[in-house]
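Protein chains: 2
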Amino acid sequence: MSDTAVDRDTATEAALADLATGLPEGVLSTDPDVLASYSIDRAMFAEPGRPIALVRARDREQVQHVMRTATRHRIPVVPQGARSGLSGAATASDGCILLNVERMNQIVEIDPANRLVVTQPGIFNADLSRAVGEHGLYYPPDPSSWEFCSIGGNLSTNSGGLCCVKYGVTTDYVLGLELVLADGQVLRTGRRTVKGVAGYDLTKLIVGSEGTLGVITEATLMLRPKTEQPLTVVATYGSCEEAAAAVSAVVACGVQPSLLEFMDRASIDAVNEAFNMGFDDDVQAVLLAQSDIGGDHAVRQIAQLEECFAAAGGDVMVAEDPAEGEALLAARRQVLTAFERFGTTMIDDVCVPRDKLVELVHGTRALAEKYSLMVGVVGHAGDGNFHPTVCFDPTDAEQTRRAQELFDAIMELSLDLGGTITGEHGVGTLKLDLLEREVGQLSLELHRRVKAAFDPLGILNPGKVFRA
Amino acid sequence: MSDTAVDRDTATEAALADLATGLPEGVLSTDPDVLASYSIDRAMFAEPGRPIALVRARDREQVQHVMRTATRHRIPVVPQGARSGLSGAATASDGCILLNVERMNQIVEIDPANRLVVTQPGIFNADLSRAVGEHGLYYPPDPSSWEFCSIGGNLSTNSGGLCCVKYGVTTDYVLGLELVLADGQVLRTGRRTVKGVAGYDLTKLIVGSEGTLGVITEATLMLRPKTEQPLTVVATYGSCEEAAAAVSAVVACGVQPSLLEFMDRASIDAVNEAFNMGFDDDVQAVLLAQSDIGGDHAVRQIAQLEECFAAAGGDVMVAEDPAEGEALLAARRQVLTAFERFGTTMIDDVCVPRDKLVELVHGTRALAEKYSLMVGVVGHAGDGNFHPTVCFDPTDAEQTRRAQELFDAIMELSLDLGGTITGEHGVGTLKLDLLEREVGQLSLELHRRVKAAFDPLGILNPGKVFRA
Numbered sequence: 001m002s003d004t005a006v007d008r009d010t011a012t013e014a015a016l017a018d019l020a021t022g023l024p025e026g027v028l029s030t031d032p033d034v035l036a037s038y039s040i041d042r043a044m045f046a047e048p049g050r051p052i053a054l055v056r057a058r059d060r061e062q063v064q065h066v067m068r069t070a071t072r073h074r075i076p077v078v079p080q081g082a083r084s085g086l087s088g089a090a091t092a093s094d095g096c097i098l099l100n101v102e103r104m105n106q107i108v109e110i111d112p113a114n115r116l117v118v119t120q121p122g123i124f125n126a127d128l129s130r131a132v133g134e135h136g137l138y139y140p141p142d143p144s145s146w147e148f149c150s151i152g153g154n155l156s157t158n159s160g161g162l163c164c165v166k167y168g169v170t171t172d173y174v175l176g177l178e179l180v181l182a183d184g185q186v187l188r189t190g191r192r193t194v195k196g197v198a199g200y201d202l203t204k205l206i207v208g209s210e211g212t213l214g215v216i217t218e219a220t221l222m223l224r225p226k227t228e229q230p231l232t233v234v235a236t237y238g239s240c241e242e243a244a245a246a247v248s249a250v251v252a253c254g255v256q257p258s259l260l261e262f263m264d265r266a267s268i269d270a271v272n273e274a275f276n277m278g279f280d281d282d283v284q285a286v287l288l289a290q291s292d293i294g295g296d297h298a299v300r301q302i303a304q305l306e307e308c309f310a311a312a313g314g315d316v317m318v319a320e321d322p323a324e325g326e327a328l329l330a331a332r333r334q335v336l337t338a339f340e341r342f343g344t345t346m347i348d349d350v351c352v353p354r355d356k357l358v359e360l361v362h363g364t365r366a367l368a369e370k371y372s373l374m375v376g377v378v379g380h381a382g383d384g385n386f387h388p389t390v391c392f393d394p395t396d397a398e399q400t401r402r403a404q405e406l407f408d409a410i411m412e413l414s415l416d417l418g419g420t421i422t423g424e425h426g427v428g429t430l431k432l433d434l435l436e437r438e439v440g441q442l443s444l445e446l447h448r449r450v451k452a453a454f455d456p457l458g459i460l461n462p463g464k465v466f467r468a
Numbered sequence: 001m002s003d004t005a006v007d008r009d010t011a012t013e014a015a016l017a018d019l020a021t022g023l024p025e026g027v028l029s030t031d032p033d034v035l036a037s038y039s040i041d042r043a044m045f046a047e048p049g050r051p052i053a054l055v056r057a058r059d060r061e062q063v064q065h066v067m068r069t070a071t072r073h074r075i076p077v078v079p080q081g082a083r084s085g086l087s088g089a090a091t092a093s094d095g096c097i098l099l100n101v102e103r104m105n106q107i108v109e110i111d112p113a114n115r116l117v118v119t120q121p122g123i124f125n126a127d128l129s130r131a132v133g134e135h136g137l138y139y140p141p142d143p144s145s146w147e148f149c150s151i152g153g154n155l156s157t158n159s160g161g162l163c164c165v166k167y168g169v170t171t172d173y174v175l176g177l178e179l180v181l182a183d184g185q186v187l188r189t190g191r192r193t194v195k196g197v198a199g200y201d202l203t204k205l206i207v208g209s210e211g212t213l214g215v216i217t218e219a220t221l222m223l224r225p226k227t228e229q230p231l232t233v234v235a236t237y238g239s240c241e242e243a244a245a246a247v248s249a250v251v252a253c254g255v256q257p258s259l260l261e262f263m264d265r266a267s268i269d270a271v272n273e274a275f276n277m278g279f280d281d282d283v284q285a286v287l288l289a290q291s292d293i294g295g296d297h298a299v300r301q302i303a304q305l306e307e308c309f310a311a312a313g314g315d316v317m318v319a320e321d322p323a324e325g326e327a328l329l330a331a332r333r334q335v336l337t338a339f340e341r342f343g344t345t346m347i348d349d350v351c352v353p354r355d356k357l358v359e360l361v362h363g364t365r366a367l368a369e370k371y372s373l374m375v376g377v378v379g380h381a382g383d384g385n386f387h388p389t390v391c392f393d394p395t396d397a398e399q400t401r402r403a404q405e406l407f408d409a410i411m412e413l414s415l416d417l418g419g420t421i422t423g424e425h426g427v428g429t430l431k432l433d434l435l436e437r438e439v440g441q442l443s444l445e446l447h448r449r450v451k452a453a454f455d456p457l458g459i460l461n462p463g464k465v466f467r468a
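Note that the protein sequences, when read in sequence, are chains A and D.
In this text, residue positions in the first sequence follow full-length UniProt numbering: the first is 1, and each later residue adds one.
In this text, residue positions in the second sequence follow full-length UniProt numbering: the first is 1, and each later residue adds one.
Hints were generated in silico from the structure; no laboratory data involved.
Possibly wrong hints are sitting among the right ones.
Put simply, identical chains are the same to the list, so a pair is met inside one copy or across any two.
Simulated crosslink set (SDA-like; lysine to any residue; CA at most 20 Å straight-line) [what the hints assert, rightly or not]:
id	residue 1	residue 2
1	226	253
2	226	256
3	370	394
4	226	249
The task is simple: from the sequences and hints, build the whole structure.
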């Protein structure tokens with residue numbers, strides 16, 4: 001044992017020396033406190049391993065140097081951006097190099113004539129969105145964490161957000177990528193054109209691969225014309241079934257809202273108690289919808305949504321102007337903050353067929369009762385993507401165990417309803433065991449072979465998404 | 001030599017016997033005339049090899065049987081649908097089994113509540129579109145060949161069409177696939193939900209892979225609400241520069257047409273001569289745009305497009321109703337038929353950044369003069385995806401050689417302009433040599449490794465897209 005430990009230390013020392021040789025001052029850190037603080041993302045129950053070093057790369061060459069060194073010494077590398085992920089994909093593994101790209105946060109080019117932006121991965125989603133907004137352009141993917149999540153992380157987990165019901169997810173906006181492979185070579189995928197079918201779509205394969213295939217150092221993203229200030233309509237329902245009927249009516253009538261959100265009774269209780277929102281006791285569900293199409297057409301869309309909402313038995317309110325609309329949305333936006341007053345929260349991220357809302361909400365409520373824990377269901381009703389949020393006391397070991405079991409049970413419920421274990425947060429380490437149930441052994445075997453095609457030594461984020 | 005030939009024949013006989021054992025009457029054919037007729041698709045200069053058999057599979061089990069037999073005997077398999085492809089991906093290779101799925105043409109399920117369709121691959125695009133249309137739903141990808149191309153082929157080449165400028169391409173509509181792997185196992189990818197990030201996006205990797213990774217036996221496709229009857233606006237220009245300025249103005253103003261098409265002078269000449277369209281002699285370019293958003297909003301969009309078109313110097317005409325709009329579109333739709341009156345046509349398929357229209361058209365004209373051949377440029381101006389069409393006499397060997405060189409030179413021009421060699425037709429055998437120039441050696445090496453992950457023996461459509 002001690003021999004092995006000594007061997008490992010000698011090997012680590014040699015690797016660290018090689019690593020240091022190619023990096024300028026202030027890029028490499030081995031300080032234990034710094035390493036500890038960079039070892040985690042925002043995932044629950046993702047116990048970090050102990051890294052040997054942190055590299056906060058400033059450019060592609062430094063990323064290449066890290067990967068070449070890691071290849072030479074067979075050291076695992078964990079790529080990181082803003083570490084806002086909820087599934088543990090950016091948590092440290094034992095003996096790894098943390099390769100953080102948060103300093104690579106510059107926009108390389110905004111090209112309004114071709115409606116695209118070329119950017120480094122470390123930029124925050126909100127900063128990119130504001131920068132392109134100044135050119136009258138719009139980058140749709142809008143995760144709730146947009147003020148503190150990076151584009152590189154968005155690419156690595158194929159992030160969604162509130163706008164997906166109309167505008168789709170990250171992968172729909174990626175034209176091309178530059179990434180550093182496990183051996184340090186630079187691969188460029190895709191192109192600057194909006195169409196292109198020359199060869200395999202490696203771009204979309206890399207999007208959502210959670211840092212297991214390469215380290216993204218640049219992305220070319222498609223943009224849309226800026227949208228109009230949205231109009232908002234809200235409805236409250238005496239039952240979940242009525243709210244679900246309203247969602248189905250919206251789908252059936254063909255109107256395309258730019259947002260269609262749902263809150264269940266537990267979420268309503270939480271915002272009532274935390275922020276005195278004043279929803280009535282008999283309200284069992286809330287729906288919120290927006291139209292960003294502008295002008296009379298938006299007014300007409302809102303009227304259509306109002307009709308769908310009312311016909312299903314809702315108490316409907318239309319905001320007079322965008323500011324009032326934002327006030328109505330506040331309840332939805334503050335649900336997670338409200339839950340945090342009742343304990344530590346663990347946010348699930350299931351997606352079910354759009355017509356399975358009732359089954360998901362009732363099933364989750366039954367599970368909450370079974371496990372004697374508070375769970376609120378909020379989410380993107382227009383996509384069937386919900387975030388059942390489990391509240392628990394992490395100082396209570398028995399309750400914590402129940403919370404974990406409940407979290408997994410909600411994913412099993414989603415699979416039973418024909419859904420998926422993750423709509424936008426990714427697998428990371430948190431959902432490793434459930435991925436196999438969702439995709440099956442044959443698919444996992446192909447995952448492993450595709451991974452080996454990119455990373456034959458298995459040094460890129462090993463143990464994330466699936467086991468080697 | 002003769003020994004080898006005898007060995008090969010014996011091996012082939014054994015393989016054919018195995019193949020026949022698992023297939024019912026009428027599925028397997030070795031008739032030389034039938035094999036010859038199924039050995040080609042619609043690609044020019046894709047010299048077919050000699051297949052050993054044709055299997056017209058009726059179900060997934062027959063596809064599995066073919067792949068298991070092919071694996072056992074190490075025989076190449078060329079998957080085929082309606083054989084409407086223009087790049088040779090479905091042409092026979094020597095000694096292959098042609099595995100045709102045109103008989104697997106049933107819709108499995110239409111699910112309006114979740115806006116999706118589950119279908120077999122052999123159905124024609126138009127038949128699928130009409131079937132979902134009866135449920136008030138819309139499958140956007142609309143290649144010009146939609147009446148005689150199959151969904152399986154659309155998936156395999158990631159087809160586009162006229163609607164892409166607003167609605168994207170095939171990959172944007174694929175939720176999940178069932179495919180038979182090289183060894184006969186059945187892989188299911190994706191899901192029925194509109195969002196989902198569990199594991200690698202194998203679905204989008206398979207879309208556009210031209211039958212080299214597996215044989216698609218079922219697809220789950222996302223649908224949209226049916227659109228309104230489109231309104232149409234047309235403008236003629238005295239120069240290509242003016243038309244390009246109009247396209248840029250449309251992009252800049254943020255209006256989203258559902259179609260934005262371009263014709264150059266050579267195309268105008270062709271339709272004038274073939275169909276007596278009556279465009280004036282001083283017209284150098286035509287733009288056509290549509291709005292399918294409906295109601296007053298469509299009228300307003302058309303007015304915006306009219307303004308963009310006119311401000312750039314165009315002579316603008318707005319159709320009074322959808323029927324008149326369709327009449328105006330006739331010129332665009334008949335360009336290829338018109339060209340066919342002037343010789344055999346070879347349709348290129350380049351895509352350039354949207355602001356490179358002038359460079360592409362003038363560059364193509366200069367090449368047409370250099371090679372002394374007629375080339376017309378039509379295409380999807382809103383995407384930068386153009387189809388320069390070379391007319392030549394295939395009975396004239398020297399002219400045929402020039403046509404091929406010109407075809408390649410247009411792709412080189414597109415690459416020089418930051419574009420791609422194919423926007424929607426695929427690589428097949430026709431563009432093998434140019435793929436390497438576009439994606440580079442490292443990317444090709446990754447293509448080969450990904451291919452090996454799915455098809456370790458290299459029996460699936462070998463020699464298509466890239467060389468082994």
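Q. Between the shortest in-copy and the shortest cross-copy C-alpha distance, which are at most 20 Å for residue 226 and residue 249: within, between, both, or neither?
A. between (28 Å within a copy, 15 Å between copies)
Q | Homomeric proximity label, residue 370 with residue 394: Cα distance no greater than 20 Å | A | within (19 Å within a copy, 76 Å between copies)
Q) Between copies, within a copy, both or neither: which fits residue 226 and residue 253 at Cα up to 20 Å? A) Cα proximity of residue 226 and residue 253: across copies only (10 Å, versus 26 Å in one copy).
Q: Give the relationship of residue 226 and residue 256 under a CA distance limit of 20 Å: within one copy only, between copies only, both, or neither.
A: both (17 Å within a copy, 11 Å between copies)
Hint compliance for this structure: no hint is broken.
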